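Q: Read off the chains here:
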Amino acid sequence: MKLNEAQIQYIREYIDAFDIKYYELREEFLDHIINSVEARMATTDVPFIRAVTDAKDAFGHNGFKVIMTEREKSLTLQYKKQFQGILRGYFKFPQIFISLLFAIAVFVVSAMFEKPVKVMLIIIFGAMLLAAVQIIESLRYRKVNRHLLLEMHVFYNTFGFAVIIPNLCMGMTLFKDSADFGSPLLMTVFSILSTVSFMSFLSYRKLKKEVVGNIKKLYFN
Amino acid sequence: MKNSQLYKGSLNTIIMKLLEENGRMYGYEITQKVKLITKGELNITEGALYPALHKLEADGLLDVEVEKVDNRLRKYYKLTESGEKETVNRLAELEEFIKNMQSLVSPAPGLQF
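Protein chains in written order, with my numbering: chain A, 1 to 221; chain B, 1001 to 1113.
What the hints contain is simulated information worked out from the structure, not anything from laboratory work.
Heads up, some of the hints might be wrong.
Claimed, not checked - In the DSSO-like style, the derived pairs of lysine-lysine whose C-alpha atoms are separated by at most 27 Å in a straight line are:
(1) B:LYS1068 - A:LYS21
(2) B:LYS1078 - A:LYS217
(3) B:LYS1075 - A:LYS80
(4) B:LYS1008 - A:LYS81
(5) B:LYS1078 - A:LYS81
(6) A:LYS209 - B:LYS1055
(7) B:LYS1033 - B:LYS1085
(8) A:LYS216 - A:LYS21
(9) A:LYS216 - B:LYS1068
Stated by the list, open to error - Partial selection, computed: residues in chain A whose CB lies under 8 Å from chain B:
(10) PHE59
(11) ARG71
(12) SER74
Remember, it's a predicted structure, so these values are computed and weren't measured experimentally.
The beta carbon of each residue, even a glycine, is placed where N, CA and C say it ideally should be.
Put together the whole structure using the sequences plus the hints.
A: Pasting the structure below:
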C-alpha cells in the first residue's frame, strides 16, 4: 500500500528528530523507512505509527548515528587515497617532467632576484590563495534544502585546512628565514617544496572538480 | 541476521552478487531480495547493510545513481567496472571457502576425524 502525503510528512519529521545532518543519508533513510512501512502495513495489521517505529528500530540502537559516522570515516579515507593518488601522479612518469621543469623554473627565476625567497613566497601564498578561492567557489554546493551535503562537508574537513595551513606555515618559515636565503642547497630544497606545494594545489583542485561534478550530477540536476 | 557470525564475512560478496545479477538496486530492495531468495532464512539488517554499501562505494566498487521516485529521492547502487572484476574474484573465493567447509563438515569416507 502507498502512504499518503501526511504519513510521509510524519516520517520526515520523525527522522529529523534523530538529527541526521546530511542530506544524502536523510533521503536514503527516508526512502528505506517509507518502503518498509508500506510493506509492513500491506502484510500485517500493524498500525502506521507502530510500523514507523519498527522500521526505524530495524536500523538498531543509535543506528542512524552509527551509519553516519561510518560513512564519514569511509569517505574521508576515500578522499585521502584519491588525493594521494593524484599527487603521486605528478611525481611519476610522464608528469614528473612537468614537476621537474616547474622546480627548475622556480630555482632559475628565484636566482635572478636579489631576494630569491620572494619568488617562492609568491608561489606558496599564490597556491594557498588559489586553494582558498576554490573553497569559496564550491561553497554553494555545501547544502541542499538546508541540509549539509556529506561529500562536500567531508571534503572541506579533510582538505580545507590541510592545503592551506602547511602552505601558510612554510610561507612563514621562508619569510622568517629570508635573511639567510643565499645558499644553493637551501634554494634547491625550497624549490622542491614550492613544487610540492603547487602540485598539492593542482591535486586538490582536480579532486574538488571530481567531487563537485559528482554532487552536481546527483543532486543539482 | 540469522547466524550473523557465519554470514558477516560474506555480506559484501552477497551484495555484489545481487548487483551483478540485477544491474542496480536500492537498499531496501537488497534486503527484500535476500529475504526472498533465502525464503526468509537470511535477514540483512539495515545497520549492517548501509555501512557495507557505503564502504563498497568508497572503495570504488560501487557507483550510485539518484532518481526521484514518488516525490522523494532514491539512491541506486550498481557495480563499477572494477566492482564487476572484484565480484568474480570474491565469488570464486567464496565458492572455494564453501567447498573447504563442505570437506570439513562431511569428510570423504576414510578421511573422518
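Q: For each hint, tell me whether it holds in the structure or not.
A: Outcome of the hint check:
Taken as a hint, the B:LYS1068 and A:LYS21 pair is honoured in the structure, with Cα atoms around 21 Å apart against an allowance of 27 Å. A hinted pair counts as satisfied when its Cα atoms are at most 27 Å apart, and B:LYS1078 with A:LYS217 qualifies at roughly 16 Å. Of the pairs offered as hints, the one joining B:LYS1075 and A:LYS80 holds, with about 24 Å between alpha carbons and a cut-off of 27 Å not exceeded. Restraint check for B:LYS1008 and A:LYS81: the C-alpha separation of about 26 Å stays at or below 27 Å, so the hint holds.
With a C-alpha separation of about 22 Å, the suggested pairing of B:LYS1078 with A:LYS81 holds against the 27 Å cut-off. For the hint pairing A:LYS209 with B:LYS1055, the CA-to-CA distance comes to about 22 Å; that is within 27 Å, so the pair holds. Proximity of B:LYS1033 to B:LYS1085 is assessed by CA-CA distance (about 22 Å); at most 27 Å being required, the pair is judged to hold. Proposed proximity of A:LYS216 and A:LYS21 is supported: the alpha carbons are some 19 Å apart, at most 27 Å.
For the given pair, A:LYS216 sits about 15 Å from B:LYS1068 by alpha-carbon distance, which is consistent with the 27 Å threshold. This hint holds: A:PHE59 has a C-beta 4 Å from the nearest C-beta of chain B, less than the 8 Å allowed. Given hint, A:ARG71 at the interface with chain B, holds; its Cβ is 5 Å from that chain's nearest Cβ, closer than 8 Å. Because the closest C-beta pair between A:SER74 and chain B is about 4 Å apart, less than 8 Å, the hint holds.
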